[in-house]
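**Student:** When you get a sec, could you build the whole thing from the sequences and use the hints?
Going down the list, the sequences are from chains A and B.
Everything in the first sequence is counted per our numbering, starting at 1 for the first residue and increasing by one.
Everything in the second sequence is counted per our numbering, starting at 1 for the first residue and increasing by one.
Since the hints were derived computationally from the structure, they do not count as laboratory data.
A hint or two may mislead.
Pairwise CB distance ranges, derived in the manner of DEER restraints [what the hints assert, rightly or not]:
1. A:Leu242 <-> B:Asp8: 32 to 40 Å
2. A:Ser40 <-> B:Glu66: 15 to 23 Å
3. A:Arg91 <-> B:Lys12: 39 to 47 Å
4. B:Lys11 <-> A:Glu274: 33 to 41 Å
5. B:Ile121 <-> A:Thr102: 55 to 63 Å
6. B:Asn2 <-> A:Ala161: 30 to 38 Å
7. B:Leu117 <-> A:Glu153: 54 to 62 Å
8. B:Glu66 <-> A:Leu116: 55 to 63 Å
9. A:Glu274 <-> B:Asp8: 24 to 32 Å
Fair warning: this is a prediction, and the values are worked out from it, not measured in the lab.
In this text, a Cβ means the ideal position worked out from N, Cα and C, and glycines have one as well.
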Amino acid sequence: MSKYKMHLLVCGGTGCRASASDAIVENLKKELNNQGLDESVQVIMTGCFGFCEKGPIVKVVPDNTFYTEVKPSDAKDLVEEHIIKGRKVERLLYKDPVKKVTVSDEEGMSFYKKQLRIALRNCGFINPENIEEYIARDGYMAIGQILSENTPEEVIEIIKASGLRGRGGAGFPTGLKWQLTRQTKSDQKYVVCNADEGDPGAFMDRSILEGDPHSVLEAMAICGYSIGADTGLIYIRAEYPLAISRLLTAIGQAREFGLLGKNILGSGFDFDIELKYGAGAFVCGEETALIHSMEGKRGEPSLKPPFPSVEGYLKKPTNVNNVETLANIPAIILKGHKWFSSIGTEKSKGTKVFALAGKINNVGLIEVPMGTTLREVIYEIGGGIKDGKKFKAVQTGGPSGGCLTEAHLDVPIDYENLLAAGSMMGSGGMIIMDEDNCMVSIAKYFLDFSVEESCGKCSPCRIGNKRLYELLDRITQGKAEFDDLARLKNLSEVIKDTSLCGLGQSSPNPVLSTLQYFREEYEAHIIDHKCPAGECKALMVYSILEEHCVGCTACARACPVGAISGERKLVHSIDQSICIKCGACFDKCKFDAVLVQ
Amino acid sequence: MNKIKSLDDLKKMRAQAQTGINVREKSIDPASRVQVKVAMATCGIASGAKEIMDFFIEQLDRRSVEAVVTQTGCMGYCYAEPTIEVTLPGQEPVVFGDVDKKRADQIIEMYIKTGELVDGIIPVNYRTIDK
Numbered sequence: 001m002s003k004y005k006m007h008l009l010v011c012g013g014t015g016c017r018a019s020a021s022d023a024i025v026e027n028l029k030k031e032l033n034n035q036g037l038d039e040s041v042q043v044i045m046t047g048c049f050g051f052c053e054k055g056p057i058v059k060v061v062p063d064n065t066f067y068t069e070v071k072p073s074d075a076k077d078l079v080e081e082h083i084i085k086g087r088k089v090e091r092l093l094y095k096d097p098v099k100k101v102t103v104s105d106e107e108g109m110s111f112y113k114k115q116l117r118i119a120l121r122n123c124g125f126i127n128p129e130n131i132e133e134y135i136a137r138d139g140y141m142a143i144g145q146i147l148s149e150n151t152p153e154e155v156i157e158i159i160k161a162s163g164l165r166g167r168g169g170a171g172f173p174t175g176l177k178w179q180l181t182r183q184t185k186s187d188q189k190y191v192v193c194n195a196d197e198g199d200p201g202a203f204m205d206r207s208i209l210e211g212d213p214h215s216v217l218e219a220m221a222i223c224g225y226s227i228g229a230d231t232g233l234i235y236i237r238a239e240y241p242l243a244i245s246r247l248l249t250a251i252g253q254a255r256e257f258g259l260l261g262k263n264i265l266g267s268g269f270d271f272d273i274e275l276k277y278g279a280g281a282f283v284c285g286e287e288t289a290l291i292h293s294m295e296g297k298r299g300e301p302s303l304k305p306p307f308p309s310v311e312g313y314l315k316k317p318t319n320v321n322n323v324e325t326l327a328n329i330p331a332i333i334l335k336g337h338k339w340f341s342s343i344g345t346e347k348s349k350g351t352k353v354f355a356l357a358g359k360i361n362n363v364g365l366i367e368v369p370m371g372t373t374l375r376e377v378i379y380e381i382g383g384g385i386k387d388g389k390k391f392k393a394v395q396t397g398g399p400s401g402g403c404l405t406e407a408h409l410d411v412p413i414d415y416e417n418l419l420a421a422g423s424m425m426g427s428g429g430m431i432i433m434d435e436d437n438c439m440v441s442i443a444k445y446f447l448d449f450s451v452e453e454s455c456g457k458c459s460p461c462r463i464g465n466k467r468l469y470e471l472l473d474r475i476t477q478g479k480a481e482f483d484d485l486a487r488l489k490n491l492s493e494v495i496k497d498t499s500l501c502g503l504g505q506s507s508p509n510p511v512l513s514t515l516q517y518f519r520e521e522y523e524a525h526i527i528d529h530k531c532p533a534g535e536c537k538a539l540m541v542y543s544i545l546e547e548h549c550v551g552c553t554a555c556a557r558a559c560p561v562g563a564i565s566g567e568r569k570l571v572h573s574i575d576q577s578i579c580i581k582c583g584a585c586f587d588k589c590k591f592d593a594v595l596v597q
Numbered sequence: 001m002n003k004i005k006s007l008d009d010l011k012k013m014r015a016q017a018q019t020g021i022n023v024r025e026k027s028i029d030p031a032s033r034v035q036v037k038v039a040m041a042t043c044g045i046a047s048g049a050k051e052i053m054d055f056f057i058e059q060l061d062r063r064s065v066e067a068v069v070t071q072t073g074c075m076g077y078c079y080a081e082p083t084i085e086v087t088l089p090g091q092e093p094v095v096f097g098d099v100d101k102k103r104a105d106q107i108i109e110m111y112i113k114t115g116e117l118v119d120g121i122i123p124v125n126y127r128t129i130d131k
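**Tutor:** Okay, here's the thing in structure tokens:
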């Protein structure tokens, strides 16, 4: 029995660390030390709890108290009140925004109620920098089990039977991918983990690597055994420094324990893993571009076939899997394919991690069974729309996905349903929009991203996306003509049909889906020169209501470009040719005399 | 660190490592385990609730009982401190008062292990607004 009777789990994900969770750990240790409790209470820095909206999180076990928005200065209260006196620190408990009650544990929080955590099973539970905590949670038992009991073919059959599909976007069956790589004869094969997470707003891969790096290492070894590879490579973007440092620590510990390297667990199977750093290019999430980047070449995709399973890294057969996909593997081996395939929908098995962002109350990372509806995710787990506004759309699948509307809220989320609705699963980013978001601007934002990230190799993507962006820009400026709508649609379809890789084949999706579901908003911009959501600045007109203006000069003094003229105590006016539509006069006026149209 | 050379080594390592995170594992599904809540308000602490809590943690572990020992606030039985509430899996909670080490020992041996009631039970006959 460990001498510690209480554990304090402090979130050490990137988000919470940015809010000083390092200092929380330090202060808690200091306070415990002062009180002579350092021998009985242990402070552990874990991975992400997922509830990023209310971070930093501190959880006390075994009494399961969940503290939110903790500051380093709260350490004293936590130790003196909770630990010494046994009283919960009320002010740090979570307050349910709907029911207005204080909740002290995850069971009572709607954010956690509907979640089922497989890929995130250890995130927020173990110390990712301590291999023993992973082992205590059955870590490396899956590789141990298959090395002593199963042939590679049997392992592939288990993964196939589980129905696991790639979590990086396209949803290709993982077991089949392994089988294809196994079937190719070669003296050398590679297992590649794709950790080039690039969708704006998606951070599940980073959180898994930061919170449970060993699960990915173990899965790569299992894959290596199954396909006949002795080398694993993790392609990770250099802008994930914390994930990189935890991975390096984990690899070092696994080697020290003999769980990576030669003759793993006395089975004769050799496997080792190295990191390859990417520069953070979106297109390098595409597997052929990723492989070229790893080889030191330009990160540009190439035509498939040949598929990487036949000719990949250094022309050798290569199996590329995404981080989240891999994190599911050890659990499938230990709990069986039947358990896994019992979760989810007919064609999409298991769970999916989503990153909730945008105008939603509970921003964070969640994992739900496939088949959960958008409504459950947005309203129950996500806590609904911020500031009581009205839901307008949800963008899934990042820049390659599309916008779904209120009509889709009861669609069970899986690969097929999202595609049928005109969007896609993608890596699981979910950006929620409210009534104040202009759908043309949203499409323009994603196009801007795709234009930036296009590698430029093929012309439909390089030139087409740029032209699409310009068309959208014209619409938001109010300078477009009605025929531009047909041009948008036509050009989008050409780009989709003729681009070389997934980036161009999907980059027009945000345009097509918003055009389909929010056509009237496009028309309002073009015909009426109005932005219904009030987001497109170029289409706004600021004017002064004569009957309300008292001539206080506040607006004239606030105007940064001197567009407002008028004498004291006389009605002011705005020169539209100078006005830059910054809204400073509107914010400043105390008499509601500035009108925005 | 010696390398782990076989699956058996790994299993041994796991058993050893599990003691380190036991406190956390227990918190996952407390309803399936014996739960002991020790009232730790000012009066409880003054009457020795902390020592009783430590006693339960140490003794339950030594006697291999899977239990979660936590602290709670004032239960209102100031005349009978220290008070504890014991919940066996699937049963209604039972509150014991005036728990000293001798009574704690009885509670573990009789009530927790065999379900047999011992002296010191405080009947709970009030209602709360939840019910």
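**Student:** Taking the hints in turn, state whether each one holds.
**Tutor:** We went through each hint and held it up to the structure:
no.	hint	in the structure
1	A:Leu242 <-> B:Asp8: 32 to 40 Å	holds, 35 Å
2	A:Ser40 <-> B:Glu66: 15 to 23 Å	holds, 20 Å
3	A:Arg91 <-> B:Lys12: 39 to 47 Å	holds, 45 Å
4	B:Lys11 <-> A:Glu274: 33 to 41 Å	violated, 29 Å
5	B:Ile121 <-> A:Thr102: 55 to 63 Å	violated, 31 Å
6	B:Asn2 <-> A:Ala161: 30 to 38 Å	holds, 37 Å
7	B:Leu117 <-> A:Glu153: 54 to 62 Å	holds, 59 Å
8	B:Glu66 <-> A:Leu116: 55 to 63 Å	violated, 24 Å
9	A:Glu274 <-> B:Asp8: 24 to 32 Å	holds, 29 Å
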